[in-house]
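Using the sequences plus the hints, can you model the full thing?
These protein sequence lines are chains G and F, in that order. Start counting the first sequence at 174; every next residue gets the next number (the numbering used here). Start counting the second sequence at 674; every next residue gets the next number (the numbering used here).
Simulated from the structure, these hints should not be mistaken for laboratory data. Honestly, I wouldn't trust all of these hints.
Within a straight-line C-alpha distance of at most 25 Å, the following computed PhoX-like cross-link-like pairs (lysine-lysine) qualify [to be verified]:
id, chain 1, residue 1, chain 2, residue 2
1, G, Lys301, F, Lys686
2, G, Lys236, F, Lys686
3, G, Lys298, F, Lys678
4, F, Lys686, G, Lys298
5, F, Lys678, G, Lys299
6, G, Lys301, G, Lys285
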Amino acid sequence: MNNNCIETKNLTKSYGKARGIREVSLVVEEGEIFGFIGPNGAGKSTTIRSLLGMITPSAGEAKIFNLDVRKNRKEILQGIGYMPSEAMFYTGMRVGDIIQYSADLHKKDCSKEADILCDRLKLDKKKKVEELSLGNRKKVSIICAMQHDPKLYILDEPTSGLDPLMQREFFNLLEEKHKQGATLFMSSHVLSEIQHHCTKAAIIREGRIIVSDTVEALSKTNTRRVALTIMGNEKIAKQLEERLTKQIKDLNIKASGAELINMEFLYTGDMNALVQYIGQTNIVDIRITEPDLEEIFMHYYTNGGMNNDCI
Amino acid sequence: MTVFKQEMKQNKKTLIIWTASVSLMSFICLMMFSEMKGMVSEMDEMFSSMGNFTKAFGMDQMSIGTIAGFYGVECGNILGLGGGFLASLLAVNMLSKEEGGRTAEFLFTHPISRVQIITEKLIAVFVQILLFNLVFIVFSCIGIALLGEDMNWGNFALYHMANLFMQLEIAAICYGLSSYIRRGGLGAGLGLAAMFYFLNIISNITESAKVLKYITPFSYTEAADIFASGKLEMKYLIVGIVVSVLAIGIAYVHYNKKDITA
Numbered sequence: 174m175n176n177n178c179i180e181t182k183n184l185t186k187s188y189g190k191a192r193g194i195r196e197v198s199l200v201v202e203e204g205e206i207f208g209f210i211g212p213n214g215a216g217k218s219t220t221i222r223s224l225l226g227m228i229t230p231s232a233g234e235a236k237i238f239n240l241d242v243r244k245n246r247k248e249i250l251q252g253i254g255y256m257p258s259e260a261m262f263y264t265g266m267r268v269g270d271i272i273q274y275s276a277d278l279h280k281k282d283c284s285k286e287a288d289i290l291c292d293r294l295k296l297d298k299k300k301k302v303e304e305l306s307l308g309n310r311k312k313v314s315i316i317c318a319m320q321h322d323p324k325l326y327i328l329d330e331p332t333s334g335l336d337p338l339m340q341r342e343f344f345n346l347l348e349e350k351h352k353q354g355a356t357l358f359m360s361s362h363v364l365s366e367i368q369h370h371c372t373k374a375a376i377i378r379e380g381r382i383i384v385s386d387t388v389e390a391l392s393k394t395n396t397r398r399v400a401l402t403i404m405g406n407e408k409i410a411k412q413l414e415e416r417l418t419k420q421i422k423d424l425n426i427k428a429s430g431a432e433l434i435n436m437e438f439l440y441t442g443d444m445n446a447l448v449q450y451i452g453q454t455n456i457v458d459i460r461i462t463e464p465d466l467e468e469i470f471m472h473y474y475t476n477g478g479m480n481n482d483c484i
Numbered sequence: 674m675t676v677f678k679q680e681m682k683q684n685k686k687t688l689i690i691w692t693a694s695v696s697l698m699s700f701i702c703l704m705m706f707s708e709m710k711g712m713v714s715e716m717d718e719m720f721s722s723m724g725n726f727t728k729a730f731g732m733d734q735m736s737i738g739t740i741a742g743f744y745g746v747e748c749g750n751i752l753g754l755g756g757g758f759l760a761s762l763l764a765v766n767m768l769s770k771e772e773g774g775r776t777a778e779f780l781f782t783h784p785i786s787r788v789q790i791i792t793e794k795l796i797a798v799f800v801q802i803l804l805f806n807l808v809f810i811v812f813s814c815i816g817i818a819l820l821g822e823d824m825n826w827g828n829f830a831l832y833h834m835a836n837l838f839m840q841l842e843i844a845a846i847c848y849g850l851s852s853y854i855r856r857g858g859l860g861a862g863l864g865l866a867a868m869f870y871f872l873n874i875i876s877n878i879t880e881s882a883k884v885l886k887y888i889t890p891f892s893y894t895e896a897a898d899i900f901a902s903g904k905l906e907m908k909y910l911i912v913g914i915v916v917s918v919l920a921i922g923i924a925y926v927h928y929n930k931k932d933i934t935a
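Below you can see the structure in the form of structure tokens.
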């Protein structure tokens, strides 16, 4: 027995042309806080729905707690706390009724835990659910996900709609659960959230996992942001682009003043080639810095990101 | 039975209002019998000489001047429509409302199997239909007792059993439908019930449309047949039962593997 909490192998779900996921392979080990990052419509929710057994994958397999998600759905769900990205509840019911219904479906008495959570999140149990704001609906789902003390949390964009104070309280709660041994899997497109709270992360784009690694490794990269000011005209800049076309991304050329060219780009690859080329020009100013995580992700989001040189 | 309880709670208001209004309407109608009885001969003549209209409601086979005939035609139509509509509106949204209301992500991520959800929701539909019929029958019994009329209670029971079967069949068909749709089933459900009702009327009027009787479940609830013969039209009933079982089977098979995406 390994201690994989979530494991998917070539998980594929196709609906029509555009949406779906392709050959998603992920491993989340017990005790990890795993971030799942991707733009809207990249397949985050599809992956999560496959894990929860709501949809049947077209190919591949998915296991949670080393059990097949299709065959052992009920058993698996007993150990999961799930927070949907857009929580909706039954109209006419009160907050307390929903929390109770969730506990009943788990066949557990969680009233004490629910009261503590309501108190910490400042949620009024007597309110009708249709009167709740998005943030308050989120709080109801937080309680429904946490009150039965699951081993694994699956959180789909958990912080959207929560005010900063509540976000902090929410992450405090998650931290406590994590210390008690829970595993966390959360999707987000707020990168700072992933950077601050997660130990590992995977990026998904157009249904494919582009990269999956520790957050530390993801942040460390041999890509550099280069800002260059040289004497000359745009021709020189174009030459650079032609010569190093494979290594350069996000090139931005601006002519500034007389015969001065500003260039900014991301450079990945052999530094000697860059320095050699720059050596032939008339340099006015040069800056070479590490790109921030946000920039790396943006690069993955927008540029296909299929070549993995960058990270 | 958590889901069952939840459904009963959720539908409580609708069920109470519907049951009360249909039962009361029928009760008031029934109370008019004593007045009608006085005018029986003219009434009877009038009602039995309206050609197709007479045939449509089976008044060619029994007299509206007797309590059974009056009950079957007047209250029977209220029960037929009221019960048929209730059955369809209860069943047609029972499964689909989870996706339509976007609560599916709540329910289906709890540790309960789909088969159990389907079963408990189906039981909720059936129990509500039973409750409706029970209340309706109690009102009718009180009404008939108040009138001091002599009713053939055996036929009365048979007649209500047929109605119960009819409602269960409509519910079963709508339940099967509910497993396919995501939202907006109400129109389809009510339309289906209304269509069945009118198919039966058409088949009463037109001899060549008799075959429609196999399609509509209202065919075996014909008061005129039941109160006259004391028997149910088994050939129609059996078709109805087969259709019901099939529809429910489809609901189980399809909903169990359906992709829940909303």
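These are the hints, each one checked on the structure:
1. G:Lys301 - F:Lys686: holds (17 Å)
2. G:Lys236 - F:Lys686: violated (43 Å)
3. G:Lys298 - F:Lys678: Satisfied, since the Cα-Cα distance of roughly 20 Å is no more than 25 Å.
4. F:Lys686 - G:Lys298: OK: lysine 686 of chain F and lysine 298 of chain G at ~22 Å, within 25 Å.
5. F:Lys678 - G:Lys299: holds (20 Å)
6. G:Lys301 - G:Lys285: The hint holds at about 21 Å.
When the structure is compared with the earlier hints, a violation turns up for hint 2 alone.
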